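Enquirer: All chains should be modelled from the sequences, with the hints used to inform the complete structure.
Listed here are the chains, written in short residue letters.
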Amino acid sequence: MSDLLLIAVLLVPAVAALSLAFVRDYRTGATLNVTAALLAFAASVALLLGDRPPAGELLIVDDLNTTFVVLNTLVGFTTSVFSASYIGHELDSGRLTPVLLRFYHAMYQVMLGSMSLALLANNLGLLWVGVEVATLTTVVMVGIYRTEPALEAAWKYFILGSVGIALAFFGTVLVYLAAQEVLGEGLPALAWNRVLEVAPRLDPRLLDLAFVFLLVGYGTKAGLVPFHAWLPDAHAEGPTPISAVLSGLLLNVALYALLRFKFLLAGNPEAFAPGPLMILLGLGSLWFSALMLYRRRDIKRFFAYSSIEHMGIASFAFGVAGPLANFAGLLHMAMHSLTKSAIFMAVGHVAQARGTQKIADLGGLVRTHPMLAVGLGAGMVAIAGLPPFGVFTSEFLVLNSAFAAVPSLAIPLAIGLLVALGALLLRFVQILFGEPSAQGEPVQAAVWPLVLHLGLVLIAGVVLPDPLVRWFQHVAALLG
Amino acid sequence: MSGIDIELARLMATLMLVVSFMLLYQDRLAGLINAYALQSGLLALAVAAQAHAQEAPHLYVTALLALVVKGLAIPLALHRIVLRLGVHREIEKVIGVGTTMLFGLAVTMLAVLVVLPVTETAAALTREDLGFALAIVLLGLLTMISRRNAVSQVIGFMSLENGLILAATGARGMPLVVEVSVAFSILIAFIVVGIFLFRIRERFDSVDVHALDRFRGELP
Chain D
1 MSDLLLIAVL LVPAVAALSL AFVRDYRTGA TLNVTAALLA FAASVALLLG DRPPAGELLI
61 VDDLNTTFVV LNTLVGFTTS VFSASYIGHE LDSGRLTPVL LRFYHAMYQV MLGSMSLALL
121 ANNLGLLWVG VEVATLTTVV MVGIYRTEPA LEAAWKYFIL GSVGIALAFF GTVLVYLAAQ
181 EVLGEGLPAL AWNRVLEVAP RLDPRLLDLA FVFLLVGYGT KAGLVPFHAW LPDAHAEGPT
241 PISAVLSGLL LNVALYALLR FKFLLAGNPE AFAPGPLMIL LGLGSLWFSA LMLYRRRDIK
301 RFFAYSSIEH MGIASFAFGV AGPLANFAGL LHMAMHSLTK SAIFMAVGHV AQARGTQKIA
361 DLGGLVRTHP MLAVGLGAGM VAIAGLPPFG VFTSEFLVLN SAFAAVPSLA IPLAIGLLVA
421 LGALLLRFVQ ILFGEPSAQG EPVQAAVWPL VLHLGLVLIA GVVLPDPLVR WFQHVAALLG
Chain U
1001 MSGIDIELAR LMATLMLVVS FMLLYQDRLA GLINAYALQS GLLALAVAAQ AHAQEAPHLY
1061 VTALLALVVK GLAIPLALHR IVLRLGVHRE IEKVIGVGTT MLFGLAVTML AVLVVLPVTE
1121 TAAALTREDL GFALAIVLLG LLTMISRRNA VSQVIGFMSL ENGLILAATG ARGMPLVVEV
1181 SVAFSILIAF IVVGIFLFRI RERFDSVDVH ALDRFRGELP
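Order-wise, the sequence lines are chains D and U.
In this text, residue positions in the first sequence follow my numbering: the first is 1, and each later residue adds one.
In this text, residue positions in the second sequence follow my numbering: the first is 1001, and each later residue adds one.
Quick caveat, the hints were computed from the structure, so don't treat them as lab data.
Just so it is clear, the structure is predicted and the values come from calculations on it, not from any experiment.
Some hints could be false.
These stretches of chain D come out as covered by chain U in the derived footprint (C-beta under 8 Å, 3 or more residues) [what the hints assert, rightly or not]:
{"id": "1", "segment": "125-135"}
{"id": "2", "segment": "159-169"}
{"id": "3", "segment": "245-258"}
Sample of chain U residues with no beta-carbon within 12 Å of chain D, all distances over it, derived [as the list claims (entries may be wrong)]:
{"id": "4", "residue": "G1003"}
{"id": "5", "residue": "L1008"}
{"id": "6", "residue": "T1014"}
{"id": "7", "residue": "L1015"}
{"id": "8", "residue": "P1057"}
{"id": "9", "residue": "L1072"}
{"id": "10", "residue": "L1083"}
{"id": "11", "residue": "G1086"}
{"id": "12", "residue": "L1105"}
{"id": "13", "residue": "A1168"}
Built from N, CA and C at the ideal position, the CB exists for glycine as well.
Expert: As structure tokens, then:
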């Protein structure tokens, strides 16, 4: 039974992608897209609640990935609902054609499926394949408007992404070499759980070298500074549903891949501690993006930089290490994923209503589109790390654990957080309460995905449910 | 341990590295494409030799793919695309030849110095292959960043991918190598088609900050 569920999580998107390629009517396509995403979500929830299938050589279900799979399929589902209400407008305004929409829907499912594959993979090669397929489908999606800036963004994303592909693959080969000396040739030497068992006996120098390659490779995907250059363009020029899944899911999956390898290093006493490196990248990302936030004039770029900031915070937390910091990092990934995808949903509708992405032209949203203003405003308050939302909880915990471990590290972190907070509040006031420059048109917005996401973040901020805490703590302890 | 197949694999890996340097100093696209075809052919031979040495017949599939797709089909398609896009006469360089070659040497030394000390326990061939492969990967990156034409950037990427396949086949008994090489071939074919369809000629080619700001939507 549980085996079947595992297969279902992966097979539903694959079948859906194939059939969506042949659906001519875009409304049917959108409905099918939503249904498939819902089915995958249901299967992954059942997988979370039911018995775990035994770990195979290719796939594994364990504490680390079940919740990420549920989170991914949930956001995949809600974003597909948002996408259904978003694309009608794009079709009317002539930015997309029916043929492109067929392609878009099929690609959307491929992307969701490959992210689930990456999360559920036990084989490290398969993990790599999942991340890469997801990256390449988003490259295509980013360029789907085929305007000059969109192609520019897609090309940049492709070039930098391929560098990430190459380095991560090389790192994987090195891990295999280290494991092969102990486990022998063939599949077991790439199976993550087997490699973890023998981690203390692996050659530490090979592991060290491998981790550096993996950090740069997957770090590029996670958008860590200085490997972030593709991220703002890709977020700004593609369709907004893609920005939502890119920010909310793909960045998480890349960071998750890094965590898998961090497990291996934590299991080997002689390998170097990856902490300082991750702290450095994390702080760099936080500081850089916090300062860049002030200069953004395009709203999607603005939130793209905010994503870099939050990935930096999570990386910082995992770098500090220890149960509390790891707990905070995992919680932060989950909270950021829900909040940021909600924000992009709101931004998508706002940009359609006003016909522009320029922040300067979006002022006075409260007067022209009160509903959207409330949604976007709540999202911005949440992502700024203000109480009572869950992002506040996780950022507070990160800060707390940094104080406990290395007090001198907490100061640059706190300053970075405050600088970013300032930028967010500035834009918050400008967008919501500024003088409306245009009335804009009314939009048919699907509001409930937004409400659901922010509601979950709010619940996590007010009462963190006990089972969730226990689960997070368990994984955090394993991470070392 | 020193059969003719191992010597052949070693020689081919070395020659691939030499061709990586050739890629660096080509100033015409046609020359660049030919050098890439040559490197792919060498990769095919290296992988075939590895297949024989490791007694792993499935690697012959990878070798055949390298020869047919990367050694013949892609270069032919690229030659046609270059003619159609009308960029065959262009000489494009961001950095001068001398500087690029110096960078190339430094990068190769770095690769060897990084890989050799940490792989003392591995077989000699694996060590060398890995060192060469890393050098080829880094030289591919260098080719990508030292040029501004889309076609030559793709060639840099494909050369880098040759290095990856060399590394993967060099690691004895690595699973999924054939699958990955098939996937890469499909990916490359898509990219080449994409260049043609969207007529991407030059990217990142402007030093005019104003134009960049326009692309980034940063101008008021």
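Enquirer: Does each hint hold? Answer for all of them.
Expert: Against the structure, the hints come out as follows:
1. Under a criterion of three residues with beta carbons nearer than 8 Å to beta carbons of chain U, the stated coverage of the segment 125-135 of chain D is upheld, 3 such residues being counted.
2. Using a Cβ-Cβ cut-off of 8 Å, 6 residues of the segment 159-169 of chain D lie near chain U, which meets the minimum of three, so the contact claim holds.
3. Counting residues of the segment 245-258 of chain D whose CB falls under 8 Å from any CB of chain U gives 0; the rule of at least 3 is not met.
4. The claim that U/G1003 lies off the interface holds: its Cβ sits roughly 19 Å from the closest Cβ of chain D, which is beyond the 12 Å cut-off.
5. Listed as a non-interface residue, U/L1008 keeps its Cβ farther than 12 Å from every Cβ of chain D; the least gap is roughly 22 Å.
6. Its beta-carbon lying about 19 Å from the closest one in chain D, U/T1014 satisfies the requirement of being farther than 12 Å from that chain.
7. Even its closest Cβ contact with chain D, about 21 Å, leaves U/L1015 beyond 12 Å, as expected for a residue assigned away from the interface.
8. A cut-off of 12 Å between C-beta atoms confirms that U/P1057 is not in contact with chain D; the least separation is 15 Å.
9. Remark: the non-interface label on U/L1072 is consistent with the geometry, its nearest Cβ contact in chain D lying 23 Å away (cut-off 12 Å).
10. Listed as outside the interface, U/L1083 is consistent with that label: its C-beta sits roughly 22 Å from the nearest C-beta of chain D, beyond the 12 Å cut-off.
11. Annotated as non-interface, U/G1086 keeps its C-beta farther than 12 Å from every C-beta of chain D; the closest such distance is 18 Å.
12. Consistency note on U/L1105: stated as away from chain D, and its beta-carbon is indeed over 12 Å from all of that chain's, at 20 Å minimum.
13. With a least beta-carbon separation of about 6 Å from chain D, U/A1168 fails to lie farther than 12 Å from that chain, contradicting its non-interface assignment.
Hint compliance for this structure: hints 3, 13 are broken, all remaining hints hold.
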